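Based on the hints, put chain B with the ligands in the right spot on chain A.
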Amino acid sequence: MKRATRWLFPLGTGILLLAVWYGAKRLWQIPSFVLPTPGEILAAAWQERRTLVASVLITGRGALLGFVAAVGVGFLLSLVMAFSLRLKQSFYPYILMLQMTPVVILAPIFVLWLGQGLPAIVAVTFMICFFPVVANTTMGFLSADRGWAELFVVCRATRWQEIRYLRIPAAMPYFLTGMKIAGTLAPIGAITGDFLAGTQENGVGGIGFMTIAYFSQLKIPALFATGVTACLLGFLFVGGVSLLHWVLLRRWHDSFIGSRRN
Amino acid sequence: MRGKEGFNNLIMDPGLHVRLAGVGKRFGAGPGVIEEFSLAAAPGEFVSLIGPSGCGKSTLLRLIAGLTPPSAGEISVGGAAPLAGREGVFLIFQDANLLPWRRVAANVELPLMLRGDPAGARHERVRAMLDLVGLPHAAGHYPWQLSGGMRMRVSIARALSVAPRLLLLDEPFGALDEMTRDRLNEDLLAIRERDPFTAFFVTHSVMEAVFLSNRIIVLSANPGRIAREIAVPFSYPRRPELRETPEFLALIAETSHALRSVLPR
Ligand SMILES: Nc1ncnc2c1ncn2[C@@H]1O[C@H](COP(=O)(O)OP(=O)(O)OP(=O)(O)O)[C@@H](O)[C@H]1O
Ligand SMILES: [Mg+2]
Chain A
81 MKRATRWLFP
91 LGTGILLLAV
101 WYGAKRLWQI
111 PSFVLPTPGE
121 ILAAAWQERR
131 TLVASVLITG
141 RGALLGFVAA
151 VGVGFLLSLV
161 MAFSLRLKQS
171 FYPYILMLQM
181 TPVVILAPIF
191 VLWLGQGLPA
201 IVAVTFMICF
211 FPVVANTTMG
221 FLSADRGWAE
231 LFVVCRATRW
241 QEIRYLRIPA
251 AMPYFLTGMK
261 IAGTLAPIGA
271 ITGDFLAGTQ
281 ENGVGGIGFM
291 TIAYFSQLKI
301 PALFATGVTA
311 CLLGFLFVGG
321 VSLLHWVLLR
331 RWHDSFIGSR
341 RN
Chain B
2 MRGKEGFNNL
12 IMDPGLHVRL
22 AGVGKRFGAG
32 PGVIEEFSLA
42 AAPGEFVSLI
52 GPSGCGKSTL
62 LRLIAGLTPP
72 SAGEISVGGA
82 APLAGREGVF
92 LIFQDANLLP
102 WRRVAANVEL
112 PLMLRGDPAG
122 ARHERVRAML
132 DLVGLPHAAG
142 HYPWQLSGGM
152 RMRVSIARAL
162 SVAPRLLLLD
172 EPFGALDEMT
182 RDRLNEDLLA
192 IRERDPFTAF
202 FVTHSVMEAV
212 FLSNRIIVLS
222 ANPGRIAREI
232 AVPFSYPRRP
242 ELRETPEFLA
252 LIAETSHALR
262 SVLPR
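In order, the protein sequence lines correspond to chains A and B.
The first sequence: position 20 = 100 (the working numbering), numbered continuously.
The second sequence: position 152 = 153 (the working numbering), numbered continuously.
Derived from the structure by calculation, the hints contain no laboratory data.
Computed from a prediction, not measured in an experiment: that's the story for all the values here.
Note that the Cβ used here is the ideal one computed from N, Cα and C, for glycine as well.
Fair warning: there could be bad hints in the mix.
Over 10 Å on every C-beta distance to chain B, these chain A residues come out as not near it, computed from the model [unchecked claim]:
| id | residue |
| --- | --- |
| 1 | G92 |
| 2 | L97 |
| 3 | V100 |
| 4 | T117 |
| 5 | L122 |
| 6 | R130 |
| 7 | G140 |
| 8 | A187 |
| 9 | W193 |
| 10 | F275 |
| 11 | F295 |
Per label pair, the in silico range of CB-to-CB distance [said to hold, decoys possible]:
| id | chain 1 | residue 1 | chain 2 | residue 2 | range |
| --- | --- | --- | --- | --- | --- |
| 12 | B | R184 | A | A149 | 54 to 62 Å |
| 13 | B | T246 | A | R236 | 39 to 47 Å |
| 14 | A | L165 | B | P119 | 35 to 43 Å |
| 15 | A | V148 | B | G86 | 31 to 39 Å |
So that you can see chain A by itself, here it is in the shape it has in the complex (with noise of 0.2 Å):
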């Protein structure tokens, strides 16, 4: 029963949701340059597959390379700040001032510098997936238990078996949320980078081109499509995320016992 519910009240939801569309659209005479129907986003979106399946791998390049040097180079910095304060004085402030920095305005910066194409979509997906991975993880490093700690003195541990054995395990749990959100925001930040920053290759770039690209042609369905495909793109990225979670923590950590504990 508790199965069953789990798969049919998404699922009713979504036929609601398919309805309401569907029975705006009939009352309000919408047409279908306007509003097309999810048929014919499906129509659109098979009769681009070419184009889409192309554009989502120049985007899924992109948010990968982006997010990969991002988690990376946040871990490392987390892990040097997170042992020393001088240097987290030092590197913080600035951080957090790239942080606000809009990319929008930092993308033309990275055109400039680095060209239009790959290296610039990747500099964007950087840029907005760094934040949240070195925030997470610098406050994983610094919670470590006291007693844990203390324990590691006690046994004589050097600074380097304190990070392995102690300091990583225990900031596995925030890096992976940082990871997770960073997760959510590659494909945003590919996208909005190969929007600002694309290049094309015979009418085929980025799904952030084709989305201007298909505006520019009028095709709307087709546009509607560019948005089903970058949904897509994000569930595999947090599935991606999740699954590491998963694979990570799952025999220890309270967000997975929690309900086995009873």
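What follows is chain B with the ligands alone, placed relative to chain A:
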């Protein structure tokens, strides 16, 4: 592993000598938690600390472990000032303090791994320690799968795995039922026969203090001071039946009386 050297240890190294002279401790600008505290424990002596909550028992252990510096006076452990993380000194914490991401065996193994023992010897020692605390079947469990008492026993196994020369125990058996506690008391003494160590043992149980110690220190609160010292004359090894003798019961009565006189009304 250590069994063979056990006899030698008994003669040559019964444990570390600990001496506190006029020790005071305050945190920041707060009131003195401990004042004018002087106490010496001979190598291999088992000293219990008993007193009202908040009188500074945990603080005293942390001072001896070198985890926090005294504000006044001098402390020496084995002839030297206490140093955080000194070889042979181990602290059993008030809560079990296990790492939730490590299985039971890996938690017990942690101190041995951190000091670089070879894997084979480590695993043998972990198995022996888990047998000792009655948890051989729990080696593959995570801490969240254990009861509070089981977690505490893992913590004890972890401390004993390094064969300490000075063991500081902060209410290690407080969360256990009386039967388990009695058994672990006996086990602790048995281990000490083989691998002697000096012990400071904080407890709220008078019976436990009398059964384990050479000496019981009754503390008064605000600030923490020695109110009474009670020598326990029974020789080691102590048999479980000791608990039923009139001499034992008389000493319990004496200690309880001393404790009642320091408890705030
Ligand atoms: N790090 C600290 N900073 C400030 N005050 C502290 C600190 N640690 C302990 N204290 C204070 O020192 C006093 C003694 O604390 P301690 O933990 O040593 O008591 P205790 O005798 O172990 O009590 P219990 O039997 O409840 O465990 C308490 O009043 C406590 O508030
Ligand atoms: Mg205490």
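Verification of the supplied hints:
1. G92: holds, 36 Å
2. L97: holds, 40 Å
3. V100: holds, 45 Å
4. T117: The assertion about A:T117 holds, with a minimum of 50 Å to chain B.
5. L122: holds, 45 Å
6. R130: Given a closest Cβ separation of 47 Å, the condition holds.
7. G140: Non-interface label on A:G140 holds, nearest chain B Cβ at 32 Å vs cutoff 10 Å.
8. A187: holds, 40 Å
9. W193: holds, 42 Å
10. F275: holds, 42 Å
11. F295: holds, 50 Å
12. B:R184 - A:A149: 54 to 62 Å: holds, 57 Å
13. B:T246 - A:R236: 39 to 47 Å: holds, 42 Å
14. A:L165 - B:P119: 35 to 43 Å: Holds, since A:L165 and B:P119 (Cβ atoms, about 37 Å apart) stay within the stated range.
15. A:V148 - B:G86: 31 to 39 Å: Taking Cβ atoms as reference, A:V148 and B:G86 lie about 38 Å apart, which means the hint holds.
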